[in-house]
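Participant: Work out the full structure, taking the sequences as your base and the hints as a guide.
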Amino acid sequence: MNKNPEDHNPSDGDESQNQGKRPDGPVDPLGAMFQQMFGGSGAQSPGSNIPGMPDPQMLQMVFSQIQALMSGGGDGAVNWDLAKTMARNAVAAAGPDPSPTDGEQRTYDGAVQLAEHWLDQVTSLPAGTSGTRVWSRAQWIEETLPVWKQLVEPVAERITSAMGEAVGGAVGELGMPENPEAAGLPPGMGDMLGNLFGGAAGGAGGGANPLGGMLKQMGTAMFGSQVGQALASLAGEVVSGSDIGLPLGPEGKAVLLPANVDVFAEGLEVDIDQVRLYLALREAAYQRLFSHVPWLKPRLLGAVEEYARGITVDASKFSELAQQAEQMDLTNLDPSQLENMLGGGGLFTPVDSPAQKAALARLETLLALAEGWVDAVVHAAAAPQLSAADALRETLRRRRAAGGPAEQTFSALVGLELRPRRLRDASRLWASLADARGLEGRDAVWSHPDLLPTSADLDDPDGFVHGRDAEDGMEFDFSGLDELLGGGTGTTGAKDGGAVDNGPVDNEKDDKSSDEDGKGGEGDKGSDEDGEDKPKQ
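Just so you know, we're using UniProt numbering here: the sequence shown kicks off at 1 and counts up by one.
Keep in mind that the hints were calculated from the coordinates and are not lab data.
Watch out, some of these pointers could steer you wrong.
In the BS3-like style, the derived pairs of lysine-lysine whose C-alpha atoms are separated by at most 30 Å in a straight line are [claimed, not checked]:
hint, residue 1, residue 2
1, Lys-357, Lys-297
2, Lys-84, Lys-149
3, Lys-149, Lys-297
4, Lys-253, Lys-149
5, Lys-149, Lys-357
6, Lys-297, Lys-253
Pair by pair, the computed Cβ-Cβ distance ranges are [said to hold, decoys possible]:
hint, residue 1, residue 2, range
7, Lys-149, Pro-98, 44 to 50 Å
8, Leu-114, Gly-252, 14 to 20 Å
9, Arg-397, Trp-295, 50 to 56 Å
10, Pro-98, Ala-436, 45 to 51 Å
11, Glu-305, His-466, 32 to 38 Å
12, Gly-131, Pro-354, 43 to 49 Å
13, His-466, Ala-358, 27 to 33 Å
14, Asn-89, His-466, 52 to 58 Å
We put the CB at the ideal spot given by N, CA and C, even for glycine.
Facilitator: If you want it as structure tokens, here you go:
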């Protein structure tokens, strides 16, 4: 019985990972913190006259803890020191994480070398690996952190900035009572809240409002915490450097995680050597793609940055909060009111824009094309060699299509999914291209991003493959158009009064395969200029 990878939920038993998060959308980064600060379990001060309301001393302690949490981590949008520390601690707490042995290094060296030999028979892209790395889970965290910074930082930066902007625009609506103690606030609470909102209660002061900056710092710490949890979960599942479809490892190095490969193989009823070879094939295939398609990695990262640029936070949520605050009876305050106001309702949830949805669609299509190419190439290489090739292919397809580690990580961080939803369609398209154009013709599509299939092409793979072939074989009779424009003389007048000599009409037909349009003369070789190979007639 095959193991079902998607049954594993990294957050089982840890409800804190799910607090403040919409199950089907972006994260509410600060919801969990506000729930902890103002939830129903909030302590009651013996001297407070508001049931359930924390006293100033307790709030001061809470803010001191927040300040300690926010310290360090640099000036970015994510506290990366906190993220790395949390991730490594979580991995260590999960169980043994031994460094790979010399024997494991030799085993995977041999697996990758054999995989490269098999791949040479099924793709025109040359080998992309110059060595093999075997990592522990802790090593994976350390080595992949630079790429995670590139991916997460733009999104986190935009969300934290948007939170600060939204708070700055709406904080004035919250206001402060002229006489805080008369309004029912405990002694000292008015001064604390007055300082928080940029001036003492009752109108004294009036300095700059620090709340937006504080929330931005809190977001930095919260992102650091969430990144740490997500990376720890991911480190326990990934089997290779490119397992999630992104080049996380060092350039030109095939990366495998022996401990995770062993866990993945458990319950599959497949010989472990076949599992290692199949995963080595996938990693080596990804390295060929990333090494010889230089625009692919920056385009993937650019799609994430494009998504981040459009992030906004719904400022109307703060206006609603201000209106709710005005209607609250401070003399009979229910702590659940604060929890609902600050911890629920998606107060800090980013709003998806049409531009973001379009960027996400492009990212999903590109991921599907890369994953589909690897799937098709690896199957072609493995099927004649490994008896378990079909079973392993289906297991990995389901693992990726269900989201797997990639979707869990990104949806847990910023709501950005990396699910290759069109994996099967993309794999069929690449297989059809190989049948119609040969290996070189299929792989030549990667020579320029403009040649790649679109999402619409994935709906009709045969149309993409054979549609261009049909266009290449079409001949057009321009004689009627020529007579209209130039009276059949072969010379047409340009708009600016000049003349363009197109030559005799018959010669134009004969020269359709000339170097002028780059499509003929030498058959497939004539397409080197635009990167698209055409089948020989």
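Participant: Each hint: holds or not?
Facilitator: A quick look at each hint next to the structure:
1. Lys-357 to Lys-297: holds, 20 Å
2. Lys-84 to Lys-149: It holds: about 11 Å lies between the C-alpha atoms, which stays within 30 Å.
3. Lys-149 to Lys-297: holds, 14 Å
4. Lys-253 to Lys-149: holds, 20 Å
5. Lys-149 to Lys-357: OK: Lys-149 and Lys-357 at ~22 Å, within 30 Å.
6. Lys-297 to Lys-253: Satisfied, since the Cα-Cα distance of roughly 15 Å is no more than 30 Å.
7. Lys-149 to Pro-98: 44 to 50 Å: At 27 Å between Cβs, range violated.
8. Leu-114 to Gly-252: 14 to 20 Å: Holds - the Cβ-Cβ distance for Leu-114 and Gly-252, about 18 Å, lies within 14 to 20 Å.
9. Arg-397 to Trp-295: 50 to 56 Å: The hinted range 50 to 56 Å is violated for Arg-397 and Trp-295, with Cβ atoms some 26 Å apart.
10. Pro-98 to Ala-436: 45 to 51 Å: holds, 49 Å
11. Glu-305 to His-466: 32 to 38 Å: For Glu-305 and His-466 the Cβ distance comes to about 36 Å; the hint holds.
12. Gly-131 to Pro-354: 43 to 49 Å: At roughly 44 Å between Cβ atoms, Pro-354 and Gly-131 fall inside 43 to 49 Å, so the hint holds.
13. His-466 to Ala-358: 27 to 33 Å: This hint holds: roughly 28 Å between Cβ atoms.
14. Asn-89 to His-466: 52 to 58 Å: holds, 55 Å
When held up to the earlier numbered hints, the structure conflicts with 7, 9 and fits the remainder.
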